[in-house]
Amino acid sequence: MEALNALIAGFGVALKPINLMWGFIGVTLGTFVGVLPGVGPALTVAMLLPLTVKLDPTGALIMFAGIYYGAMFGGSTTTILLNTPGESGSIATAFEGNRMARAGRAGPALATSAIGSFVAGTAATILLTLLAPVVVDLALKFGPAEYFALMVFAFITVAAVLGNSTVRGLTSLFLGLFLGLIGIDSQTGQARFAFGVPELLDGVDVVVLAVGLFAVGEALYAAAHQSRVRETIEKVRGSLLMSARDWSRSWPAWLRATAIGFPFGTIPAGGSEIPTFLSYATEKKLTKYPEEFGKGAIEGVAGPEAANNAAATGVLVPLLTLGIPTSATAAILLGAFQNYGLQPGPLLFDSQKELVWGLIASLYVGNVMLLILNLPLIGIWVKVLEIPKDLLYAGILVFATLGAYSLHQSWVDLVTLYVFGLLGFAMRRWDIPVGPAVIGLILGPLAETQFRRALSISQGDASVFLTQPISATLLAITALLLLAPWLVRRFRPKSS
Amino acid sequence: MPRSRAEIALSLGVVALGIGVAAVTATLPAEGGYARIGPNVIPAVVGAGIIVLGLWLSYEAFSGGWRKRAESHEAFAADPFLWVSAGLFAHMALIGWAGFVIAGTALFALVCRGFGSRRWARNLAIGLVLSLAIFLFFVKLLNVNLPAGWLTPLLGSAGI
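Residue numbers (this note's numbering), protein chains in the order written: chain A, 29 to 524; chain B, 21 to 180.
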């Protein structure tokens, strides 16, 4: 059991007091921003990236993982009490969760979501521990052609298959790919799209793009579209404890959801939207109390919440073992690794054993911390929900500009930040997803490098992508995914 | 319909961006060295992709509007948008000479105004305390460089 030994060594790293502290800061901060409507883990990690460059990478990455996890826990609180899902993975929770809260059962709803997140998060981390070494062994056999095919596959699923519109998803992706081209070409030293501006030679920083799109764009959008409707925060009345019946209805849902969520996280299927809806549908179908669905059925909270966390953990499998991010947050976590000169992938498991396994071990620790942080301290998080909008967005923008400015202490970054803010506003208003742009910016340059490496090995023979079996299969699946909706429409027998 | 006019403008903007990318790509060298493909190949693919996507968006915009768009129910209000923008511009202008704390305070108060709050004294005070706390935390504890600006006599020059 090599993985077990590595994990035990990882616990040695994760349980060091200093790393426990970073983990605790991470999960607390994560829960905090998860509760805040309009702030997600992607934005938080992006804002903190430039501020943490002087920290030890292990501690900083443990903190970022804590933020990633914590935001998932905190997001459920907002969804249940406020009925405004902060991220797509929480939409399914809102169906039953908010109904339960309105019916005065906010306590058990929060409990099943927190305990379910803990159970699913821990189970998924065990799966990650077991699966990661297997994928690493497989990945070591990958050459540049396979990597390139895998990245193309990730691009297409994230941009074209998910979301409302293939063309808008792809537009967002290509925008990110274009932004990724700006700067010095890593292979030849040629400056591209820099127009002689020295600040552009370094390329577009993911921090400025992500913070601009998520924070500035979101603030501009929220300011310009203020709702007249007062949102009501449901009160947490009565006990947080779940009854025996709540427990017996939640358990199977948590476990089923883990089985649904984790695999969906590991494949590039864009995170947690699909598995949470699948889990909701499954629970609705299997429940013994169908009459309660739509009125606050506890399975309908337990399942999607657990699926959300399991998927979030699953996303770490391709991120850590292959260096391929499949969600915007994962792309920014990849940016965090790159900030420290680290490239996630099979080699990282060899060269940075302590860091990788310390990080995985910290996920177990973080899950325990989050359970403690979220249930007994729920009162504090409800208070956070009550922060008025004006102070909330003003605070977000102070942090957003701080993150962008501290990159180079230059106002040029602030101008760029505002430009990306306008872009984020337009994308939000005209329903163009922003995630693919962030993934394109981070993954685009890596894909280009692999593409050129593959062709340099094959001496310029482009058929290399189609003659290698793994790469050919991946590209075939990609093409199928892209064409499937069109083919279905074209050849479906016409019905009224 | 005003909305579809915006969609048409955005779609054509995407086409224009693609043409721009293609035009710049044409000026890039094709020399590839060992890699055999030069620094202009992927830009050409990206440029072509953007043009195609722009044309596709234009087609949708002209034939009944972009498909499956999530509708926004609230009307666009220009004033709050401009207040928030003003906050960001004030911050850009101030941070270099007035320093982080003052720029942050101005940004905070102007964004609050954008979200409808007219309690200037309260917002300036909260903004000042928040910016000062951030400044002290990051500069003294995490060694991040932030300009102290006008407040250098009070905060010391540690920020630069």
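Errors might be hidden in some of the hints.
[What the hints assert, rightly or not] Coverage of chain A stretches by chain B, computed from C-beta distances (three or more under 8 Å per stretch; other residues unrestricted):
# : region
1 : 196-205
2 : 436-450
[As the list claims (entries may be wrong)] Just the calculated beta-carbon pair ranges, DEER-fashion:
# : chain 1 : residue 1 : chain 2 : residue 2 : range
3 : B       : 79        : A       : 505       : 34 to 44 Å
4 : A       : 36        : B       : 32        : 51 to 61 Å
5 : B       : 39        : A       : 36        : 17 to 27 Å
6 : A       : 224       : B       : 65        : 48 to 58 Å
7 : B       : 161       : A       : 501       : 47 to 57 Å
8 : A       : 491       : B       : 161       : 50 to 60 Å
Source of the hints: derived by calculation from the structure; they are not laboratory data.
Note that CB positions come from ideal geometry on N, CA and C, so glycine has one too.
Here is what the structure says about each hint:
Here's how the region 196-205 of chain A fares: 6 of its residues keep a CB closer than 8 Å to some CB of chain B, so the rule of at least three is met and the hint holds. Figure legend: the region 436-450 of chain A, annotated as covered by chain B; annotation consistent (7 residues with Cβ-Cβ distances under 8 Å, at least 3 required). With their beta carbons about 27 Å apart, residue 79 of chain B and residue 505 of chain A fall outside the hinted range of 34 to 44 Å. Evaluation of the 51 to 61 Å hint for residue 36 of chain A and residue 32 of chain B yields a pass: the beta carbon distance comes to about 60 Å.
Between residue 39 of chain B and residue 36 of chain A, the C-beta spacing of about 58 Å breaks the proposed range 17 to 27 Å. For the hinted restraint 48 to 58 Å between residue 224 of chain A and residue 65 of chain B, the CB-CB distance of approximately 24 Å leaves it violated. Distance hint check for residue 161 of chain B and residue 501 of chain A: the Cβ-Cβ separation is about 51 Å, which falls inside the suggested range of 47 to 57 Å. Taken as a hint, the range 50 to 60 Å holds for the pair residue 491 of chain A and residue 161 of chain B, whose Cβ atoms sit roughly 56 Å apart.
Checked against the numbered hints given earlier, this structure breaks hints 3, 5 and 6; the rest are met.
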